[in-house]
Amino acid sequence: MVELSPDELELFVSEAEENINGLENGLLRLEQEGNPSLVAELFRNAHTIKGSAGAAGLTEMSQLAHAMENLLDQVRNGERKIESDLVDALLEGVDMLRAMVISLSQNEPLPDPSQLINQLKFIADQKSSEIVSETSVETNLASGEIIATLNIFIKPECPMPSARSFQAYLTMSRYGEIVHLEPPLSEIQAGRAKYRLVAQLKLSDEAQLSRLEQELVRFEDLVVEIQKRKDGLKFSEIVTAQKEAQKEVETTTNLTTELQSVRVSIEQMDALLNLVGELVIERARLERGVRKIAELNHNGVAEELQGVTERVSRIVGQLQESLTRTRMVPLSVVFGRFPRLVRELAKNMGKKVQLSIEGEDTEIDRALVEKLNECLVHLVRNAIDHGIESPEERVAMGKPAEGLLEISASQSEGSVIVVVRDDGRGVDPKKIRRKAIERGLLTEEQAANLSDDEALQLIFRSGFSTKEEVSEVSGRGVGMDAVKAAMEQIGGTIDFQSQVGEGTTITLRLPLTLAIIPALLVRIGGRLFALPMHSVTEVLDLTRSDIQVIGRGEKVLMLRGNPLPLCSLSHLLGVPNGVLEKTAVIVKQRERLMAVSVEAVEGKEEIVIKPLGYPLHNLRSFIGATILGDGSIALIVDLNGIALRR
Amino acid sequence: MEQKQKERHIVVFRLNGTMFALDIQNVQEIVKQSDIVSVPGAPPFILGIVNLRGRIMAVVDTKRLLGIGETAANKVLVMVAQIGEHLVGFTVDEVEQVTRISSDMVEPVSDLVSPEEGRRLEGVLKLEGKLVLLLDADRLLDEEVISASLSQT
Chain C
1 MVELSPDELE
11 LFVSEAEENI
21 NGLENGLLRL
31 EQEGNPSLVA
41 ELFRNAHTIK
51 GSAGAAGLTE
61 MSQLAHAMEN
71 LLDQVRNGER
81 KIESDLVDAL
91 LEGVDMLRAM
101 VISLSQNEPL
111 PDPSQLINQL
121 KFIADQKSSE
131 IVSETSVETN
141 LASGEIIATL
151 NIFIKPECPM
161 PSARSFQAYL
171 TMSRYGEIVH
181 LEPPLSEIQA
191 GRAKYRLVAQ
201 LKLSDEAQLS
211 RLEQELVRFE
221 DLVVEIQKRK
231 DGLKFSEIVT
241 AQKEAQKEVE
251 TTTNLTTELQ
261 SVRVSIEQMD
271 ALLNLVGELV
281 IERARLERGV
291 RKIAELNHNG
301 VAEELQGVTE
311 RVSRIVGQLQ
321 ESLTRTRMVP
331 LSVVFGRFPR
341 LVRELAKNMG
351 KKVQLSIEGE
361 DTEIDRALVE
371 KLNECLVHLV
381 RNAIDHGIES
391 PEERVAMGKP
401 AEGLLEISAS
411 QSEGSVIVVV
421 RDDGRGVDPK
431 KIRRKAIERG
441 LLTEEQAANL
451 SDDEALQLIF
461 RSGFSTKEEV
471 SEVSGRGVGM
481 DAVKAAMEQI
491 GGTIDFQSQV
501 GEGTTITLRL
511 PLTLAIIPAL
521 LVRIGGRLFA
531 LPMHSVTEVL
541 DLTRSDIQVI
551 GRGEKVLMLR
561 GNPLPLCSLS
571 HLLGVPNGVL
581 EKTAVIVKQR
591 ERLMAVSVEA
601 VEGKEEIVIK
611 PLGYPLHNLR
621 SFIGATILGD
631 GSIALIVDLN
641 GIALRR
Chain A
1 MEQKQKERHI
11 VVFRLNGTMF
21 ALDIQNVQEI
31 VKQSDIVSVP
41 GAPPFILGIV
51 NLRGRIMAVV
61 DTKRLLGIGE
71 TAANKVLVMV
81 AQIGEHLVGF
91 TVDEVEQVTR
101 ISSDMVEPVS
111 DLVSPEEGRR
121 LEGVLKLEGK
131 LVLLLDADRL
141 LDEEVISASL
151 SQT
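Here the protein sequences come in this chain order: C and A. Just so you know, the first sequence maps onto residues 1 to 646 in this note's numbering. Just so you know, the second sequence maps onto residues 1 to 153 in this note's numbering.
It should be emphasised that the hints constitute simulated quantities derived from the structure, not laboratory data. Beta carbons are placed, not taken as given, at the ideal position from N, Cα and C, and that holds for glycine. Some hints here could point you the wrong way.
Quick list of in silico lysine-lysine cross-link-like pairs, DSS-like style, CA-CA up to 30 Å [unchecked claim]:
#1 Lys604(C) <-> Lys588(C)
#2 Lys371(C) <-> Lys435(C)
#3 Lys32(A) <-> Lys292(C)
#4 Lys121(C) <-> Lys81(C)
#5 Lys399(C) <-> Lys352(C)
#6 Lys75(A) <-> Lys292(C)
Sample of chain A residues lacking proximity to chain C, with all beta carbon distances greater than 10 Å (derived) [claimed, not checked]:
#7 Pro43
#8 Pro44
#9 Asn51
#10 Arg55
#11 Thr99
#12 Met105
#13 Leu112
#14 Val124
#15 Asp138
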């Protein structure tokens, strides 16, 4: 194998990944929509992998892509129908390619694809002879006549591609009959030509063609590629060739827009964000200093300084915002995997599921991607395993045999909302109540007192699972409680709605970004701590609140008639306190509200979250720490990580 | 065997009168720290965290970690060490010297110290007639080693 430099390897891997993903998604769409125009794109994906793997000396990967390309070619030529077996085999190829690329990028020995290659070759040999010529339609070619496809590239330095395209068109039309032109003549005349022109021509003989070629290459800013065919073309081939030509023209034009972006490594991004975080801290210090100067002196110096500080502050704010934005990735990176997952799960479970995905352009912080994906995989599995009924059951209930699974995303009020909805059997609150009693989570009386909605929320209790048998799909033990915990870890929430017989809707709400969050600064034991605002609901004056003592001295705060447990934050965290705690912060801890008392609330601030660092990274009580304006450190409390009572 | 003849640099420091050393490859710098913020709920050998040029770094009370006493939290000398890919601070009383040694000067600890302590040491060497314990940076915070020594005390 050719030794690739790290840069070359990175380029190869990212290009291969793109094409592999393209293959996977395209295959799934092809199977679902049966749209033959997709084949051209798939063919090109396989072709690109074949070429670049070959160039990198990865012979086996190239051979595998070649075998896949051959099968796709048969589909493209109408020699093979799109069947689930074929898609299966090609998807296996996709998996193998992906495994090979992963091994390559991790510098491990590549898996051996030879068996799969043989299998793909076998499929190709076996059937192609059976359906050959089924759809071939002769075009009217007189003897000696040929059909040629001209790929004309217009060099980027050509100042007027439309004019050049039109000249090329005129030249070609003098030599033969133009069967197809991409972009069409109307577009060219309207001045909307691209840097690539594809034409199919009928010419009287080969000599005409070579004369045409010579005339075309006289334009110095044209590069001409010619494919010719003497015999009759298959009809489908013309169609796909046309479609492909169109697609390729589109891709070429996209290139210019793509070139306006660059790849930046994640580490580099994080380093930049850290620097901006420090700038934010220094800005606060600067503001404080300038305020002090202003208090001391009135001769105009302070005013000028203040003006500068304000401008610097604004620029730092904008810098922070735009840099945070660059960490955002579209949700398509998460959603893109689901068509495959859903297909596989549905197949294993004997269900029919139609997946609809919306809002994949919605962006979220890169740091949230992994957790969100974890949650969604779980919810999708649940929906297919527990939610959507078998086709027979559905038909018997008057539903369409194919179940509907929708995943959609949108942005609203500084949050990203992801909804997973199915039209399956829904969750029955009665069954939930019964199960809760069986599991000893509730007494019969408690269960009877729950509203249906409250009963549904029981699924978030740990160890709760509504399906009796343990299936391979959902697994044992990890349930909705795990999803909820994962969401809370990233400052998100989950909402669960279900109607018996109609389906289930789960709504996930995530913060836009994790790196910078609004937080409440509170003082306990003489030190400042930060409470993330997403878990704070309100702040109360304890001296004016109704506090009752129950049981063994546990305090309860009555909030508008609701009793909330009241604990001292210093006590919960284990910080020694001396001063009387006069303020209560009402916080959300898991599903419930509670009151924590603090010495004082010092204000609300946008804080930059910094990891506590090894070996404190696993500490449950704190998400991290932040550096305040004066350079001091405040720990950021993770309310879900601290025990309710000590 | 070839390895043994290699030269290396070590940082020699003092803790409660005993001389310890770390390979200089593991030491980034020595800083004076006055405001160390304690972290509630952290293991007892963690003195707290500091703001190291905008980055949060944990500071280990080296005496507690090694079971030879305790460091007072105000104004301490912190040796910033690279442990794997992490930066961790270690308190020291005083830095003696940075010196060059040849690898064959490092001898196995054998039965000079308890096996628990021995697990944190790469070896022992003699400098100007005094014994210096060479710490193994990669094992200093190894969870197994820590839990073994905590169960000892």
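Per the stated criterion, does the least C-beta distance between Asp138(A) and chain C lie above 10 Å, as a non-interface residue requires?
Asp138(A) is indeed farther than 10 Å from all Cβ atoms of chain C, at 12 Å.
Mind verifying the non-interface call on Pro44(A)? Its CB should be farther than 10 Å from each CB in chain C.
Given a closest Cβ separation of 12 Å, the condition holds.
Reported absence of Arg55(A) from the contact zone with chain C (all CB gaps over 10 Å):
Incorrect as stated: the minimum Cβ-Cβ distance to chain C is 7 Å, not above 10 Å.
Proposed proximity, Lys588(C) with Lys604(C) (alpha carbon, max 30 Å)
Holds, because 17 Å separates the two Cα atoms, which is no more than 30 Å.
Minimum Cβ distance from Leu112(A) to chain C greater than 10 Å, as the annotation requires
holds (27 Å)
Starting from Lys399(C), check that the Cα of Lys352(C) is at most 30 Å away, please.
Given pair Lys399(C), Lys352(C) holds - Cα atoms ~12 Å apart, limit 30 Å.
So is Thr99(A) really clear of chain C, every C-beta pair being over 10 Å apart?
holds (28 Å)
Can you confirm whether the C-alpha distance between Lys75(A) and Lys292(C) stays at or below 30 Å?
holds (28 Å)
Grab the minimum beta-carbon distance between Pro43(A) and chain C and tell me whether it stays above 10 Å.
Violated, since 8 Å does not exceed 10 Å.
Confirm or reject the statement that Met105(A) sits farther than 10 Å, beta carbon to beta carbon, from all of chain C.
Given a closest Cβ separation of 31 Å, the condition holds.
Hey, Lys121(C) versus Lys81(C), does the alpha-carbon distance stay inside 30 Å?
At roughly 16 Å apart (the allowed maximum being 30 Å), Lys81(C) and Lys121(C) satisfy the hint.
Is the nearest CB of chain C more than 10 Å from the CB of Asn51(A)?
Contrary to the label, Asn51(A) does not stay out of reach of chain C, its closest Cβ about 5 Å off (not over 10 Å).
In this structure, the hints that do not hold are numbers 7, 9 and 10, in rising order.
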